[in-house]
Amino acid sequence: MQNSVKKLILTLTGGLLVILGVIFILIPGPAILFLPLGLALLSLEYPWAKKCLRNCQRWMRKSAVKVDQSISWFKRRYL
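The numbering used here numbers the first residue of the sequence shown as 104 and each following residue consecutively.
There's no promise every hint is true.
Pairs of lysine-lysine, DSS-like flavour, derived with a Cα cap of 30 Å [claimed, not checked]: (1) Lys165 / Lys153; (2) Lys165 / Lys154; (3) Lys154 / Lys178; (4) Lys110 / Lys169; (5) Lys110 / Lys153; (6) Lys109 / Lys165; (7) Lys169 / Lys109; (8) Lys169 / Lys153; (9) Lys165 / Lys178.
None of these hints come from the bench; they were simulated from the model.
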């Protein structure tokens, strides 16, 4: 009983955060916070969410590297 309540709470909370993250992708907002947090909560109970979370982390890491490279290029060129 207690385990199923925990799973339900994690699923509802994680699902809500993922839905908010997707909405904030479409409209300006902090999608970068809500989406990984929701996937992290869902990954505690669902293997598919763990795979999605890894993909999201990989995408965020690649984006951070590209931003760092762009900043370095800008500094070398203009500063």
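Verification of the hints:
1. A C-alpha spacing of about 18 Å is found between Lys165 and Lys153, which places the hinted pair at or below 30 Å, so the restraint holds.
2. Between Lys165 and Lys154 the alpha-carbon distance is near 17 Å, which keeps this suggested pair within the 30 Å criterion.
3. For the given pair, Lys154 sits about 37 Å from Lys178 by alpha-carbon distance, which is inconsistent with the 30 Å threshold.
4. As the CA atoms of Lys110 and Lys169 are separated by approximately 37 Å, the hinted pair breaks the 30 Å bound.
5. At most 30 Å may separate the alpha-carbon atoms for a hinted pair to count; Lys110 and Lys153 meet this at roughly 15 Å.
6. At most 30 Å may separate the alpha-carbon atoms for a hinted pair to count; Lys109 and Lys165 exceed this at roughly 34 Å.
7. Restraint check for Lys169 and Lys109: not satisfied, since their Cα atoms lie roughly 39 Å apart, outside the 30 Å limit.
8. This hinted pair checks out: Lys169 and Lys153 have alpha carbons roughly 24 Å apart, not beyond 30 Å.
9. Pair hint Lys165 plus Lys178 holds up; C-alpha atoms about 20 Å apart against a cutoff of 30 Å.
Violated hints, listed in ascending order, are 3, 4, 6 and 7; each of the other numbered hints is respected by the structure.
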